[in-house]
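Those protein sequences? They're chains A and B, same order as listed. So for the first sequence, numbering that gives the first Met the number 0 puts the first residue at 0; every next one is plus one. So for the second sequence, numbering that gives the first Met the number 0 puts the first residue at 0; every next one is plus one.
Hints may contain errors.
Since the list can't tell identical chains apart, any single copy or any two copies may satisfy a pair.
Said to hold, decoys possible - Here are the simulated SDA-like cross-link-like pairs (lysine to any residue), alpha carbons at most 20 Å apart as the crow flies:
| # | residue 1 | residue 2 |
| --- | --- | --- |
| 1 | 452 | 468 |
| 2 | 339 | 434 |
| 3 | 452 | 183 |
| 4 | 282 | 345 |
| 5 | 35 | 131 |
| 6 | 339 | 38 |
Just so you know, these hints were derived from the structure itself, not from any lab.
There are 2 protein chains.
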Amino acid sequence: MAGMTAHPEPAAAPAAVAAVLEALGPLLGERLTTHKAVREQHGHDESWHSPALPDAVCFAQTADEVAAILRCCNAHGVPVLAYGVGTSIEGQVIAERGGLCVDLSRMDAIRAVRPDDMDATVEAGVTRTALNAHLRDTGLFFSVDPGADASLGGMASTRASGTNTVRYGTVRDNVLSLTAVMPDGTVVRTGGRARKSAAGYDLTHLLIGAEGTLGIITELTVRLHGLPEAVCAATVVFADVAGAVDAVIASIQHGLPMARIELLDELSMQAVNRHNGLAHAEKPTLFLEFHGSAAAVEAQVATMGELCREFGGSDFAWATRAEERSALWAARHAAAYASKQLRPGRDFHATDICVPISRLAEAIEAAQADVAELGLTAPLFGHVGDGNFHLVVVLDRHDPAEVAALDTLNARLISRALAVGGTCTGEHGIGVGKRDYLRDEHGAGVDVMRAIKQALDPNGIMNPGKLLPD
Amino acid sequence: MAGMTAHPEPAAAPAAVAAVLEALGPLLGERLTTHKAVREQHGHDESWHSPALPDAVCFAQTADEVAAILRCCNAHGVPVLAYGVGTSIEGQVIAERGGLCVDLSRMDAIRAVRPDDMDATVEAGVTRTALNAHLRDTGLFFSVDPGADASLGGMASTRASGTNTVRYGTVRDNVLSLTAVMPDGTVVRTGGRARKSAAGYDLTHLLIGAEGTLGIITELTVRLHGLPEAVCAATVVFADVAGAVDAVIASIQHGLPMARIELLDELSMQAVNRHNGLAHAEKPTLFLEFHGSAAAVEAQVATMGELCREFGGSDFAWATRAEERSALWAARHAAAYASKQLRPGRDFHATDICVPISRLAEAIEAAQADVAELGLTAPLFGHVGDGNFHLVVVLDRHDPAEVAALDTLNARLISRALAVGGTCTGEHGIGVGKRDYLRDEHGAGVDVMRAIKQALDPNGIMNPGKLLPD
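Bound-form chain A, shown alone (with noise of 0.2 Å):
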């Protein structure tokens, strides 16, 4: 784990720093500084891991600023990193290296929004909520919702989904094409609005997820859903985890085309309890979403209702009205933050494998027990449906056992979820806290890797000393 490290990265040189910010200032102004508060607030994200200052911080407003700076910061050899929000939780905008940040929340036109094409463009800095009030009047929604309210570009950097993956799909199934400029100020456009096409490499889907290791994205057409006509909300309690998951497994081998399908664990539910105020069965629990017309939502919610019993549901609530819904769903919205009110002023670190569905009950059995055998809080919950389930695991970062134990914790996790052909990230990313382990999970695609982040940076300026490994 690199949480705790010193990351004693050689910075950039303070003279190229220094031309960077005269060569910039002309075009900038005021947008670019080096004030303290600022480069502190872009320092770090929302994960554990050590802040690290940028040397200055500009506020794009254009691709063609966007490419202007990249220019600039590519010929002295400077870093550059994209921040849009904040949220990432893998360190992806922390300036270990120093460099500049370009924050692109400036950035948040939406630039138009076709309904009979269920698509939209905007800007990267657009965030997921400011997208989906603007749709508001369409019947069109955005689907990718990874809780934060993160920017488009941030979300699509970091192939982000969330809890209604299982039915509509990750940031990379949502994404039609971007507008990126490269580290030589290239502007790149990588697609159309056609469905399909089969024109050359998929550029799209190399930038989402790069983490802006390979360009800056300024631009996104992304997918929109109709609205569903129904939308039914559920909680289930079960005996056991076990149980639950085997609910969850049996759906969606049944083909049960549920919006969202999420477990909280029994700590988990404790957790938002206390947090929230509540009064919830303190045992393992299934949130479910069903979307469709009026009878398919009928009929999913009776077949899921027999799944459930059949594996020791019980106590099932429902909810079709709004307001009946986010009542419902406020607990599983509150888990992160409840989790980390468990031993306030601690930090926290979410684990995040992605395992086969068909190994997703063993995965979360040998997880608990090693919880339970490291002597860690780390209350679970996650997207059983898609496989991907956290362990938010609170923690003193300043007491080593602890931190030792975490390290453990991750590495078993991973090894046994790459043993069974998942994945150490189903949509945290890499940044810098999983980079020693990108090499277990993909070999020597790594190396292929490396040579594609050579060809398009040779100058190695775009977000250094994230994804790939050293």
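Take the given structure of chain A and dock chain B to it, following the hints.
Then chain B, alone, in the frame of chain A:
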């Protein structure tokens, strides 16, 4: 259009080819051949592009063999072409610069089928019908159906799709992971079996659609879908193409999850009537298929029926039993070959633009006007639910005037498609036929593609002369 050029490309150096043959002889024995008949069989695909023979053909049996072959060819600078079944239609397997054709058809093992995870791992030479025959008793199927019984490696390499893409996605959406051999002989596994991952660059999607220019795919892990409980097929006749297309657009915007939405124009219907001895109305006709639970299919059928009537649809024919459905779909499946029979003995070229659905009606209208103006014979059919359609231009390749008319048609089609955010190829790929259009579509993105090609295949041995413009 490259179709009629003499391909005056630099051929592989005879001495280098001889060295490769000598070096690989002990490894491959009789599976390495320079027999002219075998070379001729491998020197063309199903396109009208001029054949060109490889210097030799080998039949690989393992990824390790492919690695040894690539290492050897890389060392000697000899071109390498991967060959599956030879059903590509933009000249992807034509050996314009000679070299060694690596036939993967003997790598036809189905390594694993995992019903619980709804995935399968197959060697690259497995064809889609072989896989589906193997899956017969599992209740699952592999969805991608480009018409031809292509190999899965070939389908991935050309980013194939087909008639049920509107519901189940293209090959891009149905491949979880690849094993590929890079030009230096490195064997890479690009991912695992988890439904999502945020770990590193997306090499899976970089290789899908790369047409063998970056590496050779030797194994794929693909998604499977559950066979629907109920299936209903239908044909609906329209007075004009515009009405049919408007009904399709309405159905997409309505969110109807139809499994197939295919259009045949009047000339296509004439061709299939004549070719198959059928008596369909010779008017624009939609071929539809609905998948789901019995109740869901019934609801979809009712809704689509209303939408079709609204746009002038009539003469509905419905079929639910398997043999009735097959009879109904026979016309659609015969469309390509029936079209060729409009002018027996001539060549044919299928155009392949794909546009945002809202622009489909105008794209088809303009295309048909062009066909009339240019005096071409060109029945129209296609996957209109995706915004993708083909004009099967039946022409005499030795008539410069007809070839010029086709070139004009393609240029106009593509220019209009790109102007509305579409693509020059929805599913056939670039190959040799559309290289001149890649920059029109991708602009500076072509330079990024070229940098990736140069990084991963520095000696340019992988399928040279394909995909990227010179």
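- Against which earlier hints does the structure fall short, listed by number upward? As far as the earlier hints go, 2, 4, 5 and 6 are violated by this structure, in ascending order.
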